[in-house]
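Participant: Sequences are here, hints too, so could you generate the full structure?
Residue numbers (the numbering used here), protein chains in the order written: chain A, 9 to 475; chain B, 2 to 444.
Calculated from the structure, these hints are not laboratory results. Keep in mind it's a predicted model, so treat the numbers as computed, not measured. All C-beta atoms in this analysis are idealised placements derived from N, C-alpha and C, irrespective of residue type, glycine included. Be a bit skeptical, because a hint or two may be false.
Stated by the list, open to error - Below, simulated PhoX-like cross-link-like pairs (lysine-lysine); rule was C-alpha separation at most 25 Å, straight line: (1) Lys390(B) / Lys244(A); (2) Lys122(B) / Lys87(B); (3) Lys447(A) / Lys473(A); (4) Lys244(A) / Lys266(B); (5) Lys233(A) / Lys87(B); (6) Lys273(A) / Lys157(A); (7) Lys87(B) / Lys273(A); (8) Lys82(A) / Lys125(A); (9) Lys473(A) / Lys434(A); (10) Lys273(A) / Lys122(B); (11) Lys244(A) / Lys68(B); (12) Lys390(B) / Lys233(A).
Stated by the list, open to error - Chain A is nowhere near these chain B residues, computed Cβ spacing over 10 Å in every case: (13) Leu282; (14) Leu319; (15) Leu329.
This is what each chain is made of:
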Amino acid sequence: MTQLKADTENSSGVSLSSSKPLAWIGNYSDKTWHPSFEHYHSVQELIANKQPPQLIVFSLDPEEQDVQLNELRKHSITALSKIYVEHESALSPYLSNGVWEESCLKGFEQYQERLSKVGLPYDEDIRFKLLTYLWLHDEPLLPKMQPSKSYIFSYPLLSAFGIELAEVMPWLASMVENEWLVENSLTNRVRYCASCQSGHLNYVDVCPKCESIDTSLQASLHCFKCGHVGAQESFKTRSSLTCPNCLTQLRHIGTDYDRPIETSKCRRCNHLFSESLVVAECLHCHVHNPVDKLQVRNVYSYTISALGSTLVRRGMKNVTLLPNVGEQMAYSQFYWLLDWANKLAKRHDMKHTLVSLQASNLSEFIKEKGEVEGLARLDAIQERLQSVVRMTDACCGDGFGGLLMFFPVTERKNLDAVIKKLLNVKSLQHDQSLSLELKIIELPDDIGSNVEDWLVDKLTQAETKAL
Amino acid sequence: MSDLNTIIYLLVDTFHQASTDFLVAFGLIPIFILYETPLIALILTGILKYHYRQMSLRDAASFYQPKVSCIVTCYSEGEDIALTAKSLLEQTYPGCIEIILVVDGAVQNKETYETALRLSKEKRSDNRNIIVLPKWQRGGRVSSCNAGLDLSSGEIVLALDGDTSFDNDMVARIAPHFEDPRVPATSGAIRVRNAGASIFAKFQSIEYLMSMQGSKTGLAEWNLQTNISGAFGAFRRSVLVKIGGWTTHSAEDLDLTIRLKQYQKRHPSWYIPYEPLAIALTDVPVKLGDLIKQRLRWDGDLFFIFFRKHWQSFTPKLVGFKHYIFTLLYGWIQNIVLPFIVIGYIAYLLISIPINVALSLFIGVYFVYMAVLIFFFLFIMIAMSERIKEDLLLLPLLLVFPLYSIFMRLVAVFALINEMVRQSHEESSMAPWWVLKRGGKFK
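Facilitator: What follows is the structure in C-alpha cells.
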C-alpha cells in the first residue's frame, strides 16, 4: 500500500473530506486533478486491509478487471462503494459506476452525501442492498446480453450480490410487486426451452405429421377429371400438361386443373402440406418445443421506485400507519385548509375538530410480527379506517407515521361516534398488540402565522388518549 | 292444317323441281347463298391447307424463345383478373413472360387494383413476372394498351382482355410464329367459357367456333385474316411501335389490323398467320339484352371503321389488289351490305308473294342453310376442335341456329343505321367521352 498523493484538496476544488481512504487498483496514471489514493495491486489486498474504501478506481487489463470487479461487488465491505474504471471492460458498465474522469469527483461527493442519509440496514437483506445500491448511485439495474450462455440475459450485479440465476426473475418480480423497483425500459423478449430453460433454440420447420425436418417444396397439380394430385414434373409432356393417371390433357387452369394449396412435401412420410409446423429445438436438451409452449420472458432494466427511495432513506420508519386513508392531502394544502377553516369558524361561530391518530409502537410491532405479516396487518387496519372517514373529512399524514383527520363543523362532543368506530377498528385486531394513540384539537384557536409550528405545539400539549 | 299441307306440298315440289332442273334450283337459291359459296370454299380449302402444312411441318426443336410481354387491360373485372393472370403464369412456354396488368381507372376499380397488387406479390418462378400499372384516371382501352406497350420489354407483345383466360400452351403456340421475320402479328382462337350459362351463350359459342376455328383458320391460310381480336392479339413489338400503337376511337383492334394491312404493298412478304390451337376462353353476354347491346356496338363500329375512319386509305395502292378485293367483298359487302339484303329479301318474300308460297320458300331456304351449316360445323369440329366432346353438345342447337342468325342480321341492320344516322361510335363505353372527343371527328 502506497500513499500516492497527500493533498486531499484537489484542483477541481471538490473537497474529499473522507476519513476512509480512496483506493486505486492496478497501474496508476497521475493526473493533476487526482485526489490522493492508496494503491493496491489486487482486490484481495484491499479487502485484507479491512478499511472499507468508498471510492475505488480500477486500472487493470479487461479480463482481470472483470474478475476483480465481481469480487468487489460480492464482498460486503465494498458492495456499495463507488467504483470507477480507467478503461471499459465487458462487465464494467454493469458492475462499475463508469469511466474515471474529473466529473466523477462530483458524483462521488453526491454519493457521500447520500450515503450519510441511508437509514436502511442493508447488510442482511439482498433486496435492501440492491435498493440502497440503486439509490446511492442513482443508476438503473441493467441486464447484460450473453449470447454464449444458455440464459442469454443476466444481471451481473445481482449475480455478484449472490442471487442464483434461476431465482433472478421471480426475485425481481417480487421487488416490482412490492413497488420498490419499477420497470424502466423493455430491453428484449426471450423465449426459453420449457424443459431446460435454455435460450439457445433452433426454430425449424418440420412436417406437421411426423415432425421430420426432411421436407422440400414441391409444385403440385390437381387434375379435376380424376382428382389425381402429383408433382408438376410428373404431368409435364413436351409442351403441355397431361395427367399421368387418366391421361387427360390439362389445358386450362381453373377448368381442367388447379394447384393444391399444399406446396411442401415430407420426404420421410410423403405427407403433402401447405404450412409446415415450426418447432423450437433446444440446442442443449434437444427437446422439440411447440412454439406456444416456450417460456417467454421480458427482459427489463429497472430503476428504484419512489417508495423504494423512501425506504432507503427512512429505513423501516418509513412504514406509516395510514398512508392510504381517505384522499390524502399535501401538507401545504392541509395547513392552508386548517387556517381557512379556523378563520371561518371564528367569523361564523362554528366548531371544527382535528384528530391525530398515531401508533406509538409501530416499529416494534413490525419487528415483532415480521415485515410480511406486520404490513399485512397494517393494510387491514387502513382498510377499516377508510370506513370511518367521510368524504367531507380531510386527511393528511403527520410526518411521523401517523394520521391527521380534520372533521369540519363537528364539535368535540359529536365525535364520540367516530371514536367508537376507531375503537372498533382497534378491537378487530387479533391480539391488539398495536397500540393506537388519539389526540384531539379543537378549532377555532389562535393559530398565528405558521400553521405547522402551531400544530406541533398543540400536538405536544394535547392530552394523549390511548385507544 | 290445310295451310301446313300446302306449305309441305310446295316445299316437296320445289325440292323435286330443283333436283331435276338445275336452272330452277339456281333461280330459287337466294343470291346471297351463292355469294357466300366462294367464301366457304376459301375457308374449307384453307383448313385443308392448314392440315397439309401441319403434316409436312418438320418436327424440329427451336431455340427461339423470345421474351413475351402480356398486356392485360383490366377495368372493373375485380377478382376475375386473378384467373387471367394465373392462366398466364401457368404457361408452359419455357421462355420469359412479363405480365403487365394495366388497371384503367384504378381509383374507381379498387377491387381490381388490389387484386392486381396481390397477384404481383405472389411467389412464382423466375421467368414469370407481374407488373401492375395503375392508371388513376380512366383513359379507355386504347390508352391502357399503349401505356402497357410503353412499359413492355418483350420482343413479342400480347394484348389481352382482363376477363379472358388462356390455355397453358397458348404462348408456346403463339411465340414460334414470330421466328419468321415476315410475321408482324398473329392471333389465336377465342372460345366461350360460359357456354352453359344460357341458350344465347350457346348460340354465341357456335358462332365463335365457326368464326375462330372455321373462318379465321381457313382465311389466314390465304393471308386473308380480317381482324386480329382485341381480346387476344399478338404483335412483334418493333412493328407495333413503328405504326404508333393503338389509336383512339372504338374498334381499335380492327383499326390496327387495317393499319397493318396498309403496309402490305410496301412489305409484300408480310403475312398475318393465325394459330387456331392457341386458345383463349372468355365470358360472353348471357342475357339477350346485353348481347344486342354488344352487337349494336360491334356492327356500328364496323361501319365507322370502314366508311368513316379508313375510307380514304382503302386503296389497292396501299393494301394490294388481293386484300382490296377481299375486303371489298367480305369486309364491306358481307358485313355492311349483306344484312340489308338478307332482311330485305325476307321482307320481300313476305310482302310480294302469297304467304303460303313465301313460307314454303322460306322453309326451303332455311333447310338449305341449315344443311350447309351442319356440314360446315361438323367439318370444322372434326378438323379443328381440340375440345370435341364439349362442342358436340352444341350440335342440336344447329336446328334453330339459322333463326338466331337472322335475328342477329336484324340487329346488325339496326346498328348500321344507328351509326350512319347518329354516329353511335361516339357513344362508345370503351373510353370516357373526353378521350373520344379529343380523338377527332369523322364525318
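Participant: None of the hints should be skipped; say for each whether it holds.
Facilitator: Cross-check of the supplied hints:
For the suggested pair lysine 390(B) and lysine 244(A), the alpha carbons sit about 23 Å apart, so the restraint of at most 25 Å is met. Proximity of lysine 122(B) to lysine 87(B) is assessed by CA-CA distance (about 13 Å); at most 25 Å being required, the pair is judged to hold. A distance of roughly 6 Å separates the Cα atoms of lysine 447(A) and lysine 473(A); the hinted pair therefore holds under the 25 Å criterion. Distance hint between lysine 244(A) and lysine 266(B) is unfulfilled; the C-alpha atoms sit about 44 Å from each other, more than 25 Å.
With a CA separation close to 20 Å, the supplied pair lysine 233(A) and lysine 87(B) stays within the 25 Å bound. Restraint check for lysine 273(A) and lysine 157(A): not satisfied, since their Cα atoms lie roughly 36 Å apart, outside the 25 Å limit. Note on lysine 87(B) and lysine 273(A): the hinted pairing holds, with a Cα-Cα distance of about 23 Å set against a maximum of 25 Å. Only pairs whose Cα atoms come within 25 Å are accepted, and lysine 82(A) paired with lysine 125(A) is accepted, the gap being roughly 23 Å.
For the suggested pair lysine 473(A) and lysine 434(A), the alpha carbons sit about 13 Å apart, so the restraint of at most 25 Å is met. In summary, the hint linking lysine 273(A) to lysine 122(B) is supported, as the alpha carbons are separated by about 23 Å, within the 25 Å threshold. Restraint check: the Cα-Cα separation between lysine 244(A) and lysine 68(B) comes to about 21 Å, which is no more than 25 Å; the hinted pair holds. With a C-alpha separation of about 14 Å, the suggested pair lysine 390(B) and lysine 233(A) falls inside the 25 Å cut-off, and the hint holds.
With a least beta-carbon separation of about 6 Å from chain A, leucine 282(B) fails to lie farther than 10 Å from that chain, contradicting its non-interface assignment. Listed as a non-interface residue, leucine 319(B) keeps its Cβ farther than 10 Å from every Cβ of chain A; the least gap is roughly 38 Å. The Cβ of leucine 329(B) lies farther than 10 Å from every Cβ of chain A, with a closest approach of about 38 Å, so its non-interface assignment holds.
Checked against the numbered hints given earlier, this structure breaks hints 4, 6, 13; the rest are met.
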